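Colleague: Residues per chain are reported as follows:
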Amino acid sequence: MAELLDLGRAIAELVHDGDCVALEGFTHLIPFAAAHEIIRQRRRDLTLVRLTPDLIYDQMIGMGCASKLVFSWGGNPGVGSLHRLRDAVEHDWPAPLEVDEHSHAGLTNRYVAGAARIPFAVLRAYVGTGLEEVSSTIATITCPFTGERLTAVPAINPDVGIIHAQQADRRGNVQLWGLIGVQKEVVLASARSLVTVEEVVDELTLRPGGVVLPSWAVSAVALVPGGCHPSYAAGYSERDNGFYTAWEPISRDRAAFSSWMDQHVLAAGR
Amino acid sequence: MAELLDLGRAIAELVHDGDCVALEGFTHLIPFAAAHEIIRQRRRDLTLVRLTPDLIYDQMIGMGCASKLVFSWGGNPGVGSLHRLRDAVEHDWPAPLEVDEHSHAGLTNRYVAGAARIPFAVLRAYVGTGLEEVSSTIATITCPFTGERLTAVPAINPDVGIIHAQQADRRGNVQLWGLIGVQKEVVLASARSLVTVEEVVDELTLRPGGVVLPSWAVSAVALVPGGCHPSYAAGYSERDNGFYTAWEPISRDRAAFSSWMDQHVLAAGR
Amino acid sequence: MSDTAPFSTDEMMTVAAARELTDGKVCFVGIGLPSTAANLARRLHAPDLVLIYESGAIGAKPRTLPLSIGDGELADTADSVVSVPEIFNYWLQGGRIDLGMLGAAQVDRHANLNTTVIGPYEQPKVRLPGAGGAPEIAGSCGEVIIVLRQSTRTFVDRLDFVTTVGFGDGPGHRERLGLRGRGPSLVVTDLGLLRPDPVTCELTLTEVHPGVGVDEVVQRTGWPLAVSPQLRTTAPPTHEELAWLRRLEAERGTRA
Amino acid sequence: MSDTAPFSTDEMMTVAAARELTDGKVCFVGIGLPSTAANLARRLHAPDLVLIYESGAIGAKPRTLPLSIGDGELADTADSVVSVPEIFNYWLQGGRIDLGMLGAAQVDRHANLNTTVIGPYEQPKVRLPGAGGAPEIAGSCGEVIIVLRQSTRTFVDRLDFVTTVGFGDGPGHRERLGLRGRGPSLVVTDLGLLRPDPVTCELTLTEVHPGVGVDEVVQRTGWPLAVSPQLRTTAPPTHEELAWLRRLEAERGTRA
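Protein chains in written order, with the working numbering: chain A, 1 to 270; chain B, 1 to 270; chain C, 1 to 256; chain D, 1 to 256.
Read the hints as simulated data drawn from the structure, not as lab findings. Just so you know, these numbers come straight off a predicted model, no measurement behind them. Careful: at least some of the hints might be erroneous.
[Said to hold, decoys possible] Computed cross-link-like contacts, DSS-like style, restricted to lysine-lysine with a CA-CA straight-line distance of at most 27 Å:
#1 Lys25(C) x Lys61(C)
#2 Lys68(A) x Lys125(D)
#3 Lys61(D) x Lys25(D)
#4 Lys68(B) x Lys125(C)
Could you put the whole structure together from the sequences, leaning on the hints where they help?
Modeller: This is the structure we're talking about:
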């Protein structure tokens, strides 16, 4: 059964230095508050996994939490670059960042195999690309029935999977709706999981498009209203597009970034 | 875009002698009316695919539509045997029936691979069982990353997939809800598809638990209220458990079966 | 048995199975006796037992016993309804199920099961329903309980067909096959309870039901049956167990 | 151009892309210009264009232009919202998408794309966003339209990295790789339109935009550019095209 914990305690209990951690949410429901708590608790040497690193990993990378990134598209959507991600890859600042790079289809299937507890997934992908050459997590596999050659990618089973959802009930059952991304797969692929939620309700009522994760499949739930800002939670908030634009000049400069993080993230824990 | 057709025309256009046909629905939403129309149109030499042959394939097999059955559990749920299926396998009546036999997990994944248009699926299954020995559609596959040995099963891509759903709109978009089984996979795995529905509505309203198939992913929709009896459609009907019990003595005897089919299925087309 | 009401062998089997379902466990439930046992346990000592049906219902809390694995009552009362692929890939194969319950036409001394054919596969004397979910339930659930009536027709020296692996040919075989669950932990019959020997994996009679003699069990077993030196007698169904079971059976299939 | 209003090169690109989206097609749509072009086409000649976003929205009918690929407006107006695994496995890999639109930092003469790095992979001069959905969109969609501004920095003789295969090293390469779609059918730039030669698969200038000279296009291409003997001039945006495009841009991100 999922424990209802406050966010600080949930991160302290679930996320350790050196862990492989996936914070997911495809534009919608990105668990920013949990990332900020990981930053405040000064976790180090994390392997961060995420389809779209987005601002959430730009911040974690810039604050030195990560030594490795597994991803498929690293930009500020509709705005431009992730400057902290680029600075880490291009100039090792604040630390070198190892990269394991996939396409959305490939990384998604790595989560699917992880959730299904098989060691690899099979798909049509990557053939003829440079990704095949630079990656140790892309292999060729032959169909035992047709002889056709396809691509295999290894399962990802993070130590911790973290998502944001709209609701939990008091027993820790979780419901999310709207764009649901790979959230179920990440929770099920991970050894431990944390769901931050907008609201704790007495009883969940299934919504159209609603996905329910039973309490016994989740490690911990933390009530964090607004915990996905500047992303959004359908039915609770709108995406703060202005923040994504404002992030461009903040993140472009190391000092401006550090100052902003100090003021808006680290200070919140004091 | 799915065409809205009457059932007779839909079966005439979509189902041909010798086709591989999957009529799916896991207890819920079994497309009996479509099966009866196939029987009335005297289709022959079909390969029938279905997790649970149930009464629907007992009837089709007994009426001589099938030369091969791909399945994973062939019983009358909670009642006993499928006597027409048994008579075909044990005594070649009314014709020999080739069998390709799987477990639910294996056959389900064959549909999944079919829907995803890859030639095989990987799972943990069958090891140590006699099914491995008697089947040509079960193979061993080795993980290229870990060396672990798993099981591969080939994709199934039926010529025609047929399901029953609660609603379609006038453009042919389909919604089903309640237990959803493998219905989406069957439609997407098949070259052609037919959905019989309880009701045609002006506009679909998404229900909790609702699954929508867009019109352009379906070949034809036919309005057949009650088309899943003695199975049921959540929100429209209840399962006719009495029919399942009554089927036992009818199906046990060749003459009683033939007479019942003549009276209740063939006569309906005259 | 002076202070217990008369009970049938089916009732004894159902009650014995239900007692094994401890609270909070996640159970993969088939229709018939397993579903009855699971729902009986929910009414008695295990209100938080999680019931998963292969039809896609997770956390079903049926108010009356379902008649089929796909009753609307299961979907209506579930915490979540998912597709059949998801049930088998993410939940069963995903290793999230503590306990499964299986029936069979034949069982052997290593708790392997046959639900495929009696007689040769290519020319069967009896064509049985087939595998269904059983091979992967037995492979992936934390443990498995088997329920079937005991006779020399069902407890056989050699299966006509191995549909589902229990302990294969004995110690270490599950591990060699890569099966992840611990395998069968209990066989419940109309005569008693059998458990795998921790060393040999051979089914061993550990309890006889009230009024059943060891000789009878041995005679109705198709191999030389191992009997536990600590053989006990199953506690008969209590008044409460029987009352709930009979109420569930009487209301079966009615909508609450 | 006497009877047309002034227009920007971006407007010309968007309109040229929109014109290729014929009614009823199923399109895999990325954010930015592709999304604008697809929604413009819906307002003009293709009311039944089906828009699929990789965030999981199938048949989205946004009332205003979304600002991100995961805007709530996409989910709210979709025929169906599915998981990201389902989008990629059942819908894209399943071969159900007629047309995809891609941008890139670099394109070569065989319409291969780079969105990974400028400079060497291990020590990049510029780390670009990476593959996203592009390799499989280009592999599995029936056809692909590429949109990017034309310069010797973007139209290069040799890609720094092959993120996405267009025609590989030329005729027959897609087939040898087992790619199922037909590959790029059109490249839209700020200068004109290029299409693959049916025999050589090499990008060939087939249209220049109004006011653009062939010499300029050749100079802004990093390889000796093939020019069609039937070179035409793109029709300038009509009043209706411009009016709808500007209205869409003005209302971008507002809720209807």
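Colleague: Report the numbers of all earlier hints that the structure fails to satisfy, in ascending order.
Modeller: none
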